[in-house]
Amino acid sequence: MADLDVPQSKSRDLDKLLLRHGNLVDPGFFPGPQLRDDIREFVKILVVGAGGLGCELLKDLALSGFRNLDVIDMDRIEVTNLNRQFLFRLEDVGKPKAEVAAKRVMERVSGVEIVPHFSRIEDKEVEFYNDFNIIALGLDSIEARKYINGIACGFLEYNDDDTPVRDTIKPMVDGGTEGFKGHARVIMPGVTPCFECTIWLFPPQVKFPLCTLAETPRNAAHCIEYAHLIKWDEVHKGKSFDPDVPEHMKWVYDEAIRRAELFGIPGVTYSLTQGVVKNIIPAIASTNAIISAACALETLKIVSACSKTLTNYLTYNGGEGLYTKVTDFPRLDDCLVCGPGILIELDTSITLSKFIEMLEDHPKLLLSKASVTYGESNLYMQAPPVLEEMLRENLSKPLYDLMGRVQKDTIHVSGTSLKDKERQSIQTKLRVVFKGADVVTDMDTAIGA
Amino acid sequence: MKRLEQEPTMVEEPKKTKYDRQLRIWGELGQTSLETASICLLNCGPTGSEALKNLVLGGIGSITIVDGSKVQIGDLGNNFMVDAKSVGQSKAKCVCGFLQELNDAVKANFIEENPDTLILKDPSFFSQFTLVVATQLVEDSMVKLDRICREANVMLVFARSYGLTGFVRISVKEHTAIESKPDHFLDDLRLNNPWPELKRFVETIDLNVAEPAAHKHIPYIVILVKVAEEWAQTHNSNLPSTREEKNEFKALVKSKMLSPDEDNYREATEAAFKVFAPRGISQDTQDIINDSCAEVGPNSSDFWLMVAALKEFISNEGGGEVPLEGSIPDMTSSTEHYINLQNIYYSKAEADFLSMEQRVKDILVKVGQDPSSISKPTIKSFCKNARKLKVCRYRMIEDEFRTPSVAALHKCLADEEYRSAIGFYILLRAVDRFAATYQKFPGQLDDGLMDHDVAQLKTIALSLLREMGCDGYMVEEELSNEMCRFGAAELHVVAAFIGGITSQEVIKLITKQFVPMSGTYIFNGIDHKSQSLTL
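Protein chains in written order, with full-length UniProt numbering: chain A, 1 to 449; chain B, 1 to 535.
Looking at chain A on its own, in the form it has when it is part of the complex (with noise of 0.2 Å):
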């Protein structure tokens, strides 16, 4: 085809959708040669995970066009999975995901910088995730993903009138996958649901009864979990138990053999043993290649405006035949974590001591061990110690004043949750509202800031 005249420019196929006008495009969207430069000079992706999703993502995102990305892993490379992690190879077994990843993309992409952090999510500041224009999510766990949406949400803040300042979203786009299963997703705190906006897309998981375990065990799974539950602690008082020690997944198989042999139950392997105990989710290359090329074609179109964007969930399922579907879900106005804060009235009077007492009891929040922070400054915090001396003489201060006499304001709680009969860590805003709050002092205190 002709084609030999036009000099050779390696965004040759994105310089398409880049540069030239569109129909079917985001308001916002200025083609041009600037465009497509300032993204790779200025716009920085994070992407969580260097796994199945995560080295796809890298890949998809280095050959669209953007040039300053981190990746984020705290797993060694494991043999299991050199079936769809293409960036890692045998000799890589042991090494730090993120950092062969990183290395493995740069030899191959030209001009793409890509910082890596061997680390945990939760040992990087705040600020840390802030610095990125979107974050791309390739996580295999329900708990990463809502520590992740807390802190996006978190940079959120609202105007008066309750809409979100469009300076402080913060972008999320989150695929998972399970088999031939997977789903995609857009998340714009504040406008589209956050994670916790739609928690009960998740099913619970599956949880044996006790007495199921402990009395009547009727297939291979129950005599497994006896072993590795019940009788682990039994016999090894104190000692936890690690699923990656292969002498403890020896003695967990020959314990579920033992039991099964007991009860006359057929179908203990050691494979089976393996997968209930480490909850392994089958897992293959193409349907990690779908939803990670999905997730990162709609972080380009985020980024540029170049075309319409997914709205928002999409499902995906290639196992019986093929089936893809878009829901446009709704938010939650009154989400912990992505609204504007539960409001709470308060009298100018009450301290902050009485002020954490309340979170307990409060039906929405149910939250014990409070720590409050109201913008920069920590009010109070339960741990470490160091700090909870130090902070201790605000307990009996009024929260009114500690926080500089405002009429209302949001301020950010965490501690542990009951809510829905678990324990859960949790994070997150209220707007406190001070009743009977003198004007005149506000007054006062708006001339004098």
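No wet-lab data here; the hints were simulated from the structure.
Some clues are possibly wrong.
Result set (EDC-like, lysine to aspartate or glutamate): computed pairs, CA atoms no more than 20 Å apart in a straight line [stated by the list, open to error]:
1. A:K325 x B:D183
2. A:K207 x B:D261
3. B:K512 x A:E320
4. A:K10 x B:D287
5. A:K207 x B:E476
6. A:K181 x B:D446
7. A:K10 x B:D261
8. B:K411 x B:E317
9. A:K308 x B:D446
Given chain A, put chain B in place with the hints provided.
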């Protein structure tokens, strides 16, 4: 106590461990069929390369890449399998080299040749392969290749990436799957039609046992069979059919509950619908046994020979039912009751299997084949999956182009949800016609002719619609404009998506597990409202 011998899986061979996560999906048999398959890829731009990458990672037997082009600088921007050092070299050679690195167990070859030329000059080349993945071919080549592969009985999958759209289309005369592994499928408990051994076992258990622990550990299978019998006695041997009756039945079940913590009774109430389910075979099964291929002869495949046996079984010892599947779901029960039930179901499934095995052997003899040519495990799997069999047939491309289903077309064009997909379907064909006339794709060059290209593309689209019997319809203006904007760009993310789908379909076709897609999958990267169109 006799300890089980050490299993082979304990030894953790590196190969087995590498594929562990996928073996849990398609098992050793599936893996073997992948490892003995040979794939031919036409064109190794990102679409083809990404498709092949996923197959190579999964351990495909061999790959042969056919591509005559040299690596250009623009390829560095969309293809991970080429790098700066590759510029000017054979693209097939470079992609092949990279893929070989991904998995040294795969036999990787390349041929530096333009696929269009190969299709014209050497059709017999394709007969050696299990499956051909044909990417980025234009209409004309697609039709020719389709004829070649259909003739040679080689499976064929087409894939195309074009800007933010693209498609995947399987072309195979017939594909049958025994292990279709549907996500959700009702268990085979026969609560609406219990056989003598099950009835006898149920009789030995007294629902009204005094001891509370025993009372709440009677499995729901037993509860429901008993209550169904009780009901039938007072209802003329019929099962509940109206909504009222069904509610009455559930109430009857509940009435036997002694206390609210009896999970077995809760499960029985929830599972009561299994008693109401109609007896006999499903429409899908009906369609398969009535298929003309079930009239078997000496050239019939193993699948149809077994279907013929199934048909006989159903009309005779099956009593209108397929062979029993044989497994039961977990349920609240004493271990003893549960294992006894498992044995009863297992025994009947085994007996049904033996009947089927005999019938299969007899049919093999009748059509002049060796009675042992279909193995026991195959027949066993067939019996277990008798309710889940799948037959997929695909029209030849030229037939679809010549005589598309006008009814389906009209339906799609009128449906909000399908309009963009059908729009892209038509445009994807229109751009090939455009290219045949103007030696370039619309909008492909920055030659200042965008307006002309748009106008011409629209004209071609309209005439295509006319040809397809859809006079009066139009492709949305915006879609046509976007198509020209795309200018035949092969974007990496779209190629990776399309390549991913392609590799997944290849796996399903080769392993004969799960169910391949039907029709043409039209990808819509704008709003992700992609659709499968069967025309």
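Structure-based check of all given hints:
1. A:K325 x B:D183: 17 Å, holds
2. A:K207 x B:D261: 18 Å, holds
3. B:K512 x A:E320: 12 Å, holds
4. A:K10 x B:D287: Not OK: A:K10 and B:D287 at ~54 Å, beyond 20 Å, violated.
5. A:K207 x B:E476: Violated. A:K207 to B:E476 sits at ~51 Å, over the 20 Å cutoff.
6. A:K181 x B:D446: Judged against 20 Å, a Cα distance of about 41 Å means the pair is violated.
7. A:K10 x B:D261: 68 Å, violated
8. B:K411 x B:E317: Violated - the C-alpha atoms of B:E317 and B:K411 are around 44 Å apart, more than 20 Å.
9. A:K308 x B:D446: 24 Å, violated
The structure fails hints 4, 5, 6, 7, 8, 9 (numbered hints given earlier, in ascending order).
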